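Given the sequences, and given the hints that come with them, work out the whole structure.
Take 1 as the starting number for the sequence shown in our numbering and just add one per residue.
A few of these clues could be false.
Unchecked claim - In the EDC-like style, the derived pairs of lysine to aspartate or glutamate whose C-alpha atoms are separated by at most 16 Å in a straight line are:
#	residue 1	residue 2
1	Lys2	Asp16
2	Lys2	Glu20
3	Lys2	Asp12
Calculated directly from the structure, the hints in this document are not laboratory data. No experiment lies behind these values; they were computed from the predicted model shown.
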Amino acid sequence: MKLCRCPVCHSDIHLDVLLEDDAGREMLGIITNLRGDNARALVSYISLFRPGKAHYLTQEH
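Shown next, in the form of structure tokens:
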């Protein structure tokens with residue numbers, strides 16, 4: 001299941017790959033245990049720290 005794209009390399013991020021990673025499993029466990037709209041609020045808050053598009057245009061890959 002495709003979730004989104006990596007902000008660094010722009011490759012697709014799939015749920016099964018995320019679950020293979022210890023940190024990914026821990027993050028999903030924390031988010032799924034939140035109540036009400038707290039999970040949505042946490043994901044929105046984390047997305048505030050995503051670099052802007054200008055950051056990617058200046059990076060050499």
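Here's how the hints hold up against the structure:
1. Lys2 with Asp16: Cα-Cα ~9 Å, so holds.
2. Lys2 with Glu20: holds, 14 Å
3. Lys2 with Asp12: holds, 7 Å
Hint violations for this structure: none, all hints satisfied.
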